[in-house]
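First to last, the protein sequences are chains E and H.
Quick note: the first sequence uses numbering that gives the first Met the number 0, first residue 0, plus one each step.
Quick note: the second sequence uses numbering that gives the first Met the number 0, first residue 0, plus one each step.
Because the hints were derived from the structure by calculation, they are not lab data.
A few of these clues could be false.
Unchecked claim - Residues on chain H that point at chain E, a partial pick, calculated with CB under 7 Å: (1) Val19; (2) Met21; (3) Ala133; (4) Asp134.
Glycine included, each C-beta is placed from N, C-alpha and C at the ideal position.
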Amino acid sequence: MTDLPFGEVFFGLSWLDAIIRIVIVVLVMTLVVVYLTYGERKVVARFQMRLGPTRTGPAGLLQGFADAIKLLIKEDVRPRNADRWVFEFAPYLTFIPVFLVLVALPFAQDWGVRNLALGMFFVFAVLGLNIVGVLMAGLGSGNKYALLGGVRAAAQMISYEIPLVVALLAVAMVAGTLDLNAIVSMQDSRPFILIQPLAFVIFVTAMLSELHRAPFDIPVAESEIVGGYFVEYSGIRWSMFQLAEYAALWAFSIFGSAIFLGGWQFPFGDDWGWGWQLVLTLIKSLIMIMLIFWVRATLPRLRMDQLMSFCWKALIEVSFALLLVNGLFLFYEWPQEILAIVNWVGAILFLGGIYLRAARKPSTKNLVGSYKHAEVPNP
Amino acid sequence: MSIWPEEQQVVTAEGDLDTVDMTVNVGPQHPATHGVFRMVLTVDGELVVDCEPYIGYLHRGLEKLSENADYRQAMGWWDRTDYLAGMCCEGAYTMAVEKLAGIEVPERAEYIRVIMMELSRINSHFMFLGAFGADVGSFGTSFVYAWRERERIYDLFEEVAGDRMFPTYFRIGGVTMDLPDNFESRCRWVLGSIRQGLEDFDGLLTGNEVFVERCRGLTPVTPEQAIQWGFTGPMLRATGVPWDIRKAEPYSVYPKIDFEIPVGIQGDVFDRFHVRLAECYQSVRIIEQCLEEMPEGRVLAPKLPKTLRINDGELYMPTEGTKGEYGVYLMAKGGTNPYRAKLRSPSFCNLSALKELVVGSYVADAIIILGSLDIVLGEVDK
Chain E
0 MTDLPFGEVF
10 FGLSWLDAII
20 RIVIVVLVMT
30 LVVVYLTYGE
40 RKVVARFQMR
50 LGPTRTGPAG
60 LLQGFADAIK
70 LLIKEDVRPR
80 NADRWVFEFA
90 PYLTFIPVFL
100 VLVALPFAQD
110 WGVRNLALGM
120 FFVFAVLGLN
130 IVGVLMAGLG
140 SGNKYALLGG
150 VRAAAQMISY
160 EIPLVVALLA
170 VAMVAGTLDL
180 NAIVSMQDSR
190 PFILIQPLAF
200 VIFVTAMLSE
210 LHRAPFDIPV
220 AESEIVGGYF
230 VEYSGIRWSM
240 FQLAEYAALW
250 AFSIFGSAIF
260 LGGWQFPFGD
270 DWGWGWQLVL
280 TLIKSLIMIM
290 LIFWVRATLP
300 RLRMDQLMSF
310 CWKALIEVSF
320 ALLLVNGLFL
330 FYEWPQEILA
340 IVNWVGAILF
350 LGGIYLRAAR
360 KPSTKNLVGS
370 YKHAEVPNP
Chain H
0 MSIWPEEQQV
10 VTAEGDLDTV
20 DMTVNVGPQH
30 PATHGVFRMV
40 LTVDGELVVD
50 CEPYIGYLHR
60 GLEKLSENAD
70 YRQAMGWWDR
80 TDYLAGMCCE
90 GAYTMAVEKL
100 AGIEVPERAE
110 YIRVIMMELS
120 RINSHFMFLG
130 AFGADVGSFG
140 TSFVYAWRER
150 ERIYDLFEEV
160 AGDRMFPTYF
170 RIGGVTMDLP
180 DNFESRCRWV
190 LGSIRQGLED
200 FDGLLTGNEV
210 FVERCRGLTP
220 VTPEQAIQWG
230 FTGPMLRATG
240 VPWDIRKAEP
250 YSVYPKIDFE
260 IPVGIQGDVF
270 DRFHVRLAEC
280 YQSVRIIEQC
290 LEEMPEGRVL
300 APKLPKTLRI
310 NDGELYMPTE
320 GTKGEYGVYL
330 MAKGGTNPYR
340 AKLRSPSFCN
350 LSALKELVVG
360 SYVADAIIIL
370 GSLDIVLGEV
380 DK
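One chain only, chain E, in its complex shape (with noise of 0.2 Å):
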């Protein structure tokens, strides 16, 4: 914590500092929210040929702040049979641990709330922290939707979580360190991605189900569930769940890319100053966000137990190989070169395997050709 750009501590008292940085955070996330949820309407809008918000503002620029406007001034609906203190605490519980996270994200070269010796572990707990909230929402809305998109949402965010650890703590027994700082130091010549591919798959796929996005959008149905846990909440309330959502969508891809792509060092190295390590955290946790948003627009939904079954006998199984594997090669002291290359053909495995599952698959051109020629029954 020496080469802050304010200064080590903000007027030399170390709570208003505390305070000064969180605000900060907490605004710029809140902007970074805005722009995102704008980002993905203009995104999908392009993907299923429409334009998107166009009207408020240049480009519709300012939707995401008539949005706000709108919800602020919303009715704050609470249905007459629900809890009433789960059902009013549950955003907050929601929405404080995702905006906790961002205390031990690095930005850019110690350029953070906080640098954290145990940062990962730090993001994973705290993390996890989210799903009460998601419970509460389901058990106090007093609807059965609800109750229904919260206990897939407990089950989900369990068993995914069991794949993102292991899958992070074989990255972070290459690197030797849970910091996420030495951690992104470490990558100046090569990102973990050229290391650890299949980490990094795993990391994508559990990401996705911890973010509760498609194909893992199984707790917010739209079309099952109508939204699932946050079913009855409206105005601010409503808010402030997507507030958490998309707050945790760009947590988890500064984190990935801090993890995996490199974050601020890679492909630069430390000596460009810390507006353009900020760039280029910015443009690798679109580049993950851009993700998100493609798979959205492209795939299906899975079943809660196709989904449970992925987990547990896929990515769980696969996760484990990968932490012994890494832990071998670690132990015995083998070149990191082949751990590079059993990982990368691990990963290619993994993703074949996907692949050829869904080739195997009829399609419509072999059954195009299967037509049979009526012949009528005499019923």
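Using the hints provided, position chain H relative to the given structure of chain E.
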């Protein structure tokens, strides 16, 4: 927490919490019910143990209205049964009246009708493909894909008939007016775009691992079961029975046209989707042949009476609607009105098997099973 009534919150003697089945009301306002359909699911966790469908939210008394109106006046209401394919419904009604009154229709009018009915069929099937994709959860992408082609077909309808959804283009004895001059080239362009749209659907859904995983093997129906439940149309053909009224009891100019009947393999949700996708290709073939073979001539029969009066007689006119056998029963006892009009609506018959199909599946599957039935509530509730 008062989701359940007090007496259901059972705690057994050992202190284990007993689980309780939960009733979930789906509809009449729910994104997946495709209109105002309501089903009450009893679920044990994620598993559906009972399903009770409720219909009638869109009942408009079509049959009684038809009995109180002139044969010609009633036509606008028949459009509004299967509102995704208005032309098919018009076709069934006009053909029934013509057959009952013994009116000959000019050949050109027959060809125009077939073109319109097949375009309607594509229109309806595209609606199914898009909505079904949304049911399975593809975030509206499939829906918008479907809408592009549907808009082009609707534009064509507007050009021909002056209206998009409820054209009332057919007349007893032919069609209102001849096709516009540039119709053939416009129609061929739309057909090309439909082919492209079908290819897009193929790429988006059929080859998609997640989609196939959701649909393949879900509620397979045997041909015997399908016939027992009164399935017709794509629901029956998905089970492997090549039964199509256009071939079985041909009407209009279908006997002169070369087309095939796509059939499924095991009658599961995927086959129902697949058969409808494949039927669109056949409809395109039919329209292309019609455009080539269409003769010149009149489009409305000459010497039609000013007021149509039909003496005693009754008749059942089955046609291949978009959802199945769309049959019109008319009974005349003199006068200008039918004495009795009855619609055999395919959606209603297909929907009646819902409980058998849904019970025992997951909640998420119940939604896509309902989607795969491809119901239109205007037709179910008449």
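Right, here's what the structure says about each hint:
Nearest Cβ of chain E to the Cβ of H:Val19: about 12 Å, over the 7 Å cut. The hint is violated. Nearest Cβ of chain E to the Cβ of H:Met21: about 6 Å, under the 7 Å cut. The hint holds. For H:Ala133, the interface hint holds, the least distance from its beta-carbon to any beta-carbon of chain E being 6 Å, beneath 7 Å. Among the interface hints, the one on H:Asp134 holds; its C-beta lies about 5 Å from the nearest C-beta in chain E, closer than the 7 Å criterion.
This entry does not satisfy hint 1, going by the numbered hints stated previously; all others are met.
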